[in-house]
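Line order of the protein sequences matches chains A and B. Following this note's numbering, the numbering of the first sequence begins with 1 at its first residue and continues without gaps. Following this note's numbering, the numbering of the second sequence begins with 1001 at its first residue and continues without gaps.
No lab work stands behind these hints: they were computed from the structure. Just so you know, not all the hints are guaranteed correct.
Taking lysine-lysine pairs in the BS3-like style, the calculated list, with each CA pair at most 30 Å apart, reads [what the hints assert, rightly or not]:
{"#": "1", "chain 1": "B", "residue 1": "Lys1082", "chain 2": "A", "residue 2": "Lys83"}
{"#": "2", "chain 1": "B", "residue 1": "Lys1111", "chain 2": "B", "residue 2": "Lys1062"}
{"#": "3", "chain 1": "B", "residue 1": "Lys1036", "chain 2": "A", "residue 2": "Lys184"}
{"#": "4", "chain 1": "A", "residue 1": "Lys184", "chain 2": "B", "residue 2": "Lys1175"}
{"#": "5", "chain 1": "B", "residue 1": "Lys1082", "chain 2": "B", "residue 2": "Lys1111"}
{"#": "6", "chain 1": "B", "residue 1": "Lys1161", "chain 2": "B", "residue 2": "Lys1062"}
{"#": "7", "chain 1": "B", "residue 1": "Lys1062", "chain 2": "B", "residue 2": "Lys1082"}
{"#": "8", "chain 1": "B", "residue 1": "Lys1136", "chain 2": "A", "residue 2": "Lys184"}
{"#": "9", "chain 1": "B", "residue 1": "Lys1136", "chain 2": "B", "residue 2": "Lys1112"}
{"#": "10", "chain 1": "B", "residue 1": "Lys1188", "chain 2": "B", "residue 2": "Lys1113"}
{"#": "11", "chain 1": "B", "residue 1": "Lys1024", "chain 2": "A", "residue 2": "Lys184"}
{"#": "12", "chain 1": "B", "residue 1": "Lys1136", "chain 2": "B", "residue 2": "Lys1062"}
{"#": "13", "chain 1": "B", "residue 1": "Lys1113", "chain 2": "B", "residue 2": "Lys1175"}
{"#": "14", "chain 1": "B", "residue 1": "Lys1082", "chain 2": "A", "residue 2": "Lys184"}
{"#": "15", "chain 1": "A", "residue 1": "Lys83", "chain 2": "B", "residue 2": "Lys1024"}
{"#": "16", "chain 1": "B", "residue 1": "Lys1175", "chain 2": "B", "residue 2": "Lys1082"}
{"#": "17", "chain 1": "A", "residue 1": "Lys219", "chain 2": "B", "residue 2": "Lys1136"}
{"#": "18", "chain 1": "B", "residue 1": "Lys1175", "chain 2": "B", "residue 2": "Lys1136"}
{"#": "19", "chain 1": "B", "residue 1": "Lys1082", "chain 2": "B", "residue 2": "Lys1112"}
{"#": "20", "chain 1": "B", "residue 1": "Lys1111", "chain 2": "B", "residue 2": "Lys1036"}
{"#": "21", "chain 1": "A", "residue 1": "Lys184", "chain 2": "B", "residue 2": "Lys1062"}
{"#": "22", "chain 1": "B", "residue 1": "Lys1112", "chain 2": "B", "residue 2": "Lys1036"}
{"#": "23", "chain 1": "B", "residue 1": "Lys1062", "chain 2": "A", "residue 2": "Lys83"}
{"#": "24", "chain 1": "B", "residue 1": "Lys1112", "chain 2": "A", "residue 2": "Lys184"}
Ranges between beta-carbon positions, derived for each pair [what the hints assert, rightly or not]:
{"#": "25", "chain 1": "B", "residue 1": "Asp1074", "chain 2": "A", "residue 2": "Phe92", "range": "40 to 48 Å"}
{"#": "26", "chain 1": "A", "residue 1": "Phe182", "chain 2": "B", "residue 2": "Asn1225", "range": "57 to 65 Å"}
{"#": "27", "chain 1": "A", "residue 1": "Met98", "chain 2": "B", "residue 2": "Asp1028", "range": "44 to 52 Å"}
{"#": "28", "chain 1": "B", "residue 1": "Asp1120", "chain 2": "A", "residue 2": "Ile78", "range": "39 to 47 Å"}
{"#": "29", "chain 1": "B", "residue 1": "Pro1352", "chain 2": "A", "residue 2": "Ser162", "range": "56 to 64 Å"}
{"#": "30", "chain 1": "A", "residue 1": "Ser162", "chain 2": "B", "residue 2": "Gly1320", "range": "56 to 64 Å"}
{"#": "31", "chain 1": "B", "residue 1": "Asp1120", "chain 2": "A", "residue 2": "Leu26", "range": "56 to 64 Å"}
{"#": "32", "chain 1": "A", "residue 1": "Phe182", "chain 2": "B", "residue 2": "Ser1046", "range": "29 to 37 Å"}
{"#": "33", "chain 1": "B", "residue 1": "Ser1354", "chain 2": "A", "residue 2": "Pro97", "range": "55 to 63 Å"}
{"#": "34", "chain 1": "A", "residue 1": "Phe182", "chain 2": "B", "residue 2": "Asp1120", "range": "44 to 52 Å"}
As the structure is a prediction and not an experimental result, all values here were calculated from the model. Cβ atoms here follow ideal geometry from the backbone N, Cα and C, with glycine treated the same way.
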Amino acid sequence: MNRKLLAAPYLVWVAGFIIIPLLFILGKALTTADGGFTLQNIAAIASPIHRKALLLSLQLALLCTVICVLLAYPLALIVRSSKLNQQSIVMFILILPMWMNFILRILALQMLLSNNGILNMILSRFSIAPLEIINTPAAIVFGMVYDFLPYMILPVMNSILSIDNNLIAAARDLGANGFHVFWKVIFPLSLPGVASGITMVFVPAMTAFVISDILGGGKIQLLGNVIEQEFSVSMDWNLGSGLSVALMLFILATSLLLGRGQNQSDRGRLLW
Amino acid sequence: MEQTTMTSDSILELKHIHKTFDDKTIIDDLSFQIQKNEFITLLGPSGCGKTTTLRIIGGFEKPDSGQVLFHGTDITNYPPEKRELNTVFQSYSLFPHMNVEDNIAFGLRLKKKSKAYIRDRISYALRLVNLEGFEKRRPVSLSGGQQQRIAIARAVVNEPKILLLDEPLGALDLKLRQEMQHELIRLKNELGITFIYVTHDQEEALTMSDRIIVMNQGIIQQVGNPVDIYNEPQNAFVADFIGESNIIDGIMVRDRLVTIGGVAFPCVDEGFSPNQLVDVVIRPEDVELVEPENGLTTGIVRDIVFKGVHYEIQVDSQIGISFLVQTTQAFSVGTSVGIRVIPDNIHIMNKPISSDEQIIDKDA
Chain A
1 MNRKLLAAPY LVWVAGFIII PLLFILGKAL TTADGGFTLQ NIAAIASPIH
51 RKALLLSLQL ALLCTVICVL LAYPLALIVR SSKLNQQSIV MFILILPMWM
101 NFILRILALQ MLLSNNGILN MILSRFSIAP LEIINTPAAI VFGMVYDFLP
151 YMILPVMNSI LSIDNNLIAA ARDLGANGFH VFWKVIFPLS LPGVASGITM
201 VFVPAMTAFV ISDILGGGKI QLLGNVIEQE FSVSMDWNLG SGLSVALMLF
251 ILATSLLLGR GQNQSDRGRL LW
Chain B
1001 MEQTTMTSDS ILELKHIHKT FDDKTIIDDL SFQIQKNEFI TLLGPSGCGK
1051 TTTLRIIGGF EKPDSGQVLF HGTDITNYPP EKRELNTVFQ SYSLFPHMNV
1101 EDNIAFGLRL KKKSKAYIRD RISYALRLVN LEGFEKRRPV SLSGGQQQRI
1151 AIARAVVNEP KILLLDEPLG ALDLKLRQEM QHELIRLKNE LGITFIYVTH
1201 DQEEALTMSD RIIVMNQGII QQVGNPVDIY NEPQNAFVAD FIGESNIIDG
1251 IMVRDRLVTI GGVAFPCVDE GFSPNQLVDV VIRPEDVELV EPENGLTTGI
1301 VRDIVFKGVH YEIQVDSQIG ISFLVQTTQA FSVGTSVGIR VIPDNIHIMN
1351 KPISSDEQII DKDA
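Please model the complete structure; the sequences and the hints are all you need to start from.
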């Protein structure tokens, strides 16, 4: 069969669902409501209200990413040192939540964290003052970590588990103690996985709006929420597109920055 | 066979090492000594315990019982980083995230050597393995043979007292392997250190070693220099594993006389009981094909194959035994020949008393 023919469905997909929508967004972003050319929609990112939303998005996404790394990395090290048949069980359990719709999971989290929710019920049993965590940035970060952690765990674990035991034996043989083995062998060889994980968590955290909507009670405006409202409430598709493009450029810039550190190592590749 | 006293030149001694994995005995009461400056080879089929022995010496495995002594000091419980020896791994195990220079400097930097010293040692080591100018190359950009040389350089810059080599040439093609064998002998002489080499390749072992320890099923079968191991195998396993052999049932009628299938063959062995059942070992190159009337027995040429240096001939003898013969002379199939072996080339061995001394059934 003709190989080009086999590629056709993918070409249609890429064109129809990636390139054309992107061009459409770019077109909207660069025009006014009357159709004239403008950079105002993209430049609007610099206005105080949008800048504040971008900054908050950045802060929460970074916090979420850091927490995910701190949770995933030691876990991967622990799994590495465990027996082989246990490794697949751990992987399975960690992926299990992904079988459930993520909005459902966030709604469940909302009930869990709400002021009269399960968490505070349990706390009151122990006469501990209720936590007012719902509708705060902390709740949003909690939700993001809950949702995106598997995307950190998989690449990080993958890179750490694939490090050849002989490399560690070689390092020990050359005089490295446990501390040296970690810093000179395991850590540098795990970096490609960490970089992939960071990209896979940071990008969706940066563009999130459903999580912040549900767990932030609609009071906390991330850039994702602002864009969503431009499209669905204000119906200003041009401004919404402009802010989207600005956000995309911002993410692209951070990815490139990350990718540059990545080139230091020949091993492994960025997922994106 | 076992020595427990330390001689003055002994650098390493293993005493009564036992090791089991999942209830399977890998090493069974292994004891041997290694002299300073020796090139010693642990030789045996896969699963014979040779690599486990090396890993115990390197500190990567702990024996269940027994001792490893280094210059008389018990190092059995020392971790690898505390042992004055370095290993060249079968898979090379170069650090993929470092260039050649950083790989070689790894051990020296951990020992906090000065920059100037490290630079000197790197260029010395690269010169030693004939890879000058490769400092900035990445391991992935090197061929298997080059990676192997870097792995050797990375180990020897640390000036180990003993270099452990785990089938280091296993992944190389024949030509390169032969080249590297000579390189390793040169290296050993230049460095003046002890080499402990693990291989399943008998030719490699015979070429390079001062002394060979032949192992099977975790038990030492024979220790000796290559010539002795080849010419005087102690049991059927060794005879079969080292080179090709005719291993034939015989009866030791009296000193210096063995009968095979009723035909008397004069030999040089003594000290067996009268009419003892024995294994007779005759190397293929030691079987002489002569005119039928001049042979101790006669046979018919069944098969002949040209092997380059010699012909390999199967001769079905009158006494019911098929002999493998190597000779530079060609015979056509069906020719009647006489079979002769001079007494010196007949080796008598006791019958195996345990499974590890038996030949490995290659068809199994």
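I'd like to know which numbered hints this structure contradicts. Please list them from smallest to largest.
3, 4, 11, 12, 13, 16, 17, 26, 29 and 34
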